[in-house]
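Given the sequences, and given the hints that come with them, work out the whole structure.
There are 2 protein chains.
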Amino acid sequence: MSATLVEIVKASNLKLKPEDDKLGFGRYFTDHMLVMDYSIETGWTGPRITPYEPIALDPAAVIFHYGQTAFEGMKAYRTEDNRILLFRPEKNFSRLNASSERLSMPPINEEEVLEYVKQLISVEKDWVPTSKGTSLYIRPFIIATESFLGLAASKQYKLVVILSPVGSYYTNGIQPVNIKVEEHYTRAVRGGTGMAKTAGNYCATFNAQTKAINEGFSQVLWLDAIEKKYVEEVGTSNVFFKINGEVHTPELSGSILPGITRMSVIEMLRSWGIPVSERRISIEEIYQSYEEGLLEEVFSTGTAAVISPIGELEWQGRKIVINNKSIGAVSEKLYDTLTGIQTGKIADTFNWTTEVN
Amino acid sequence: MSATLVEIVKASNLKLKPEDDKLGFGRYFTDHMLVMDYSIETGWTGPRITPYEPIALDPAAVIFHYGQTAFEGMKAYRTEDNRILLFRPEKNFSRLNASSERLSMPPINEEEVLEYVKQLISVEKDWVPTSKGTSLYIRPFIIATESFLGLAASKQYKLVVILSPVGSYYTNGIQPVNIKVEEHYTRAVRGGTGMAKTAGNYCATFNAQTKAINEGFSQVLWLDAIEKKYVEEVGTSNVFFKINGEVHTPELSGSILPGITRMSVIEMLRSWGIPVSERRISIEEIYQSYEEGLLEEVFSTGTAAVISPIGELEWQGRKIVINNKSIGAVSEKLYDTLTGIQTGKIADTFNWTTEVN
Ligand SMILES: Cc1ncc(COP(=O)(O)O)c(C=O)c1O
Ligand SMILES: Cc1ncc(COP(=O)(O)O)c(C=O)c1O
Chain Z
13 MSATLVEIVK ASNLKLKPED DKLGFGRYFT DHMLVMDYSI ETGWTGPRIT
63 PYEPIALDPA AVIFHYGQTA FEGMKAYRTE DNRILLFRPE KNFSRLNASS
113 ERLSMPPINE EEVLEYVKQL ISVEKDWVPT SKGTSLYIRP FIIATESFLG
163 LAASKQYKLV VILSPVGSYY TNGIQPVNIK VEEHYTRAVR GGTGMAKTAG
213 NYCATFNAQT KAINEGFSQV LWLDAIEKKY VEEVGTSNVF FKINGEVHTP
263 ELSGSILPGI TRMSVIEMLR SWGIPVSERR ISIEEIYQSY EEGLLEEVFS
313 TGTAAVISPI GELEWQGRKI VINNKSIGAV SEKLYDTLTG IQTGKIADTF
363 NWTTEVN
Chain L
13 MSATLVEIVK ASNLKLKPED DKLGFGRYFT DHMLVMDYSI ETGWTGPRIT
63 PYEPIALDPA AVIFHYGQTA FEGMKAYRTE DNRILLFRPE KNFSRLNASS
113 ERLSMPPINE EEVLEYVKQL ISVEKDWVPT SKGTSLYIRP FIIATESFLG
163 LAASKQYKLV VILSPVGSYY TNGIQPVNIK VEEHYTRAVR GGTGMAKTAG
213 NYCATFNAQT KAINEGFSQV LWLDAIEKKY VEEVGTSNVF FKINGEVHTP
263 ELSGSILPGI TRMSVIEMLR SWGIPVSERR ISIEEIYQSY EEGLLEEVFS
313 TGTAAVISPI GELEWQGRKI VINNKSIGAV SEKLYDTLTG IQTGKIADTF
363 NWTTEVN
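In the order they appear, the protein sequences are chains Z and L. Throughout the first sequence, residue numbering follows this note's numbering, covering 13 to 369 in sequence. Throughout the second sequence, residue numbering follows this note's numbering, covering 13 to 369 in sequence.
Because identical chains cannot be distinguished in the list, a pair is counted as satisfied if it fits within a single copy or across any two copies.
Taking lysine to aspartate or glutamate and the EDC-like style, the derived pairs with C-alpha atoms no more than 20 Å apart in a straight line are:
(1) Lys29 - Asp70
(2) Lys223 - Glu113
(3) Lys170 - Asp70
(4) Lys27 - Asp70
(5) Lys170 - Asp49
(6) Lys170 - Glu65
These aren't lab readings, by the way, just hints derived from the structure by calculation.
Dropping the structure here:
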């Protein structure tokens, strides 16, 4: 590994850091960012840490018109003994490359960029918050910057990594949420971009999300776009069902995002001897297992909340209440173990964490 | 109409205008642009013409992460007697609002913005090229600018309109193209964003397009995502089939873009007494009508090429040649009449053009 940054330009004025209990999500950003540029002639060049500052792009930049872009989301956690840990960051950079491939974008050198991100976090180490449940959210993204309105992949890109200290997802303890099964809108379809973490997938969900929130739900559950029958994801997280002692989760069909929390939950459950099957799961089957008294736990997984128990589902006006609207034993154990490993409280027997020096 | 621009800031150095035969598409931009800003508190404010210049956005701007954006594309044509005509521009602005609605974005005042765009074109009138087939391409777009990584509609937006002189689409005369029916990738699906002109729909097509071009085709024909059976669009244009004296085009199902050329072609054909049906059309049916000797013409429609005749289709390895690979009589008459109206050579009996003063 000879990942040496070309340049570090320090910010001349540092921002006041917000209080941990005011953080929320994605509102505050640190003093610096990481930037790299790509052109088809030179490849990726010029990795540098600069002050956090506006990005100036030509109005004809491809990102504004044809949306060529991919992003990632991961967290840095502070341990009780003041170390900074990342959770499986190499998985995020390999997923970034998978997203880029779907979007006709050039790959990055995964190990090299991870090294640069560690250097950035190291520069910003005082921004990693300390209170329980808080973390430093890391947002790498690549945008197409060529100034050209023709319909073709951009020949120029910019990679930017910004950092945002974020609050605890569960300030009032873990509360199981109520979820509406979305019937009209679709998130993604086979042959589309659903397996990629790319901007266009997200704006497409705002209408459905707003409608669900206005109806008193906390999120939507997406069904497959083709038959409107099979479960895909919940909001922007993967979803799991514990039925009669076994755990079931939708298979990676091409239209759902391969979550890193999902992958970790599957590995962890199996290590505990709990069977997990990845397969097509119809919403009908979930309702049926509920009727039979076999639906024990439902939860979603993602970097933001880690594990989010689902207390109620509503589909075609039929509401079901899961585990008395309280968190299930497996959900709780997963949450405690995952967050324990992430924050260094529990021995990392899976070798999932990476320290930032 | 009291659409008064707040401000015109003239560029201090004007660019050299490229020769008409060097224009191509979307490479050159004029000296000025139109800008307006939206915030949830004030609505749309500050319409202004400024020098064409980079847009500076916070790295956390919603456009970069969740892709909230919509755009339009239309053209200004120079007539032989030196007037400047727009073709049904009010349709573009109402489609822009339809796109915005799907993307959870605020509507613009359509008439007002059209007035501003006319003022911009008026300032840039010397940029409207004069050679046959050339025009000034107009690209309005709205981008979400709030600096926030939460998954929610942005509370701030920017509308920008840029202008690009573009060359003739048919420098060597109209050549029917060969098109591949895409089997793997999908462009859009019911319940998704296919009916909106939004960035994420376009980057999603680059992989398929590159593959088709590498295989020697000029574009792909998209099938519906659900059954992979029904014809949707060709590249980024709508598609028509003349079968046994009648014209057929896919209905507006929610996954295809409601093209303004498409709408105009339908109205024009009907005015000529040629029956047009908008309906579901299977690719199987097209091949069958070919076998029966009834497939007379195939063409696609869009602002860029107006009418683009299709000379060959390939689906599952089966190639069919349409009308001997030459342009059909109806396609040609549509092309001549539409471009005639657009450039003021033919009386505009439909009342489709609007003059820029
Ligand atoms: C659409 C979608 N699904 C699932 C996830 C969960 O993935 P991960 O566990 O890697 O955060 C995310 C990202 O958070 C997502 O955006
Ligand atoms: C996906 C798509 N389909 C069809 C069209 C044709 O629409 P119009 O005739 O309004 O240019 C366009 C735009 O040009 C488009 O982007």
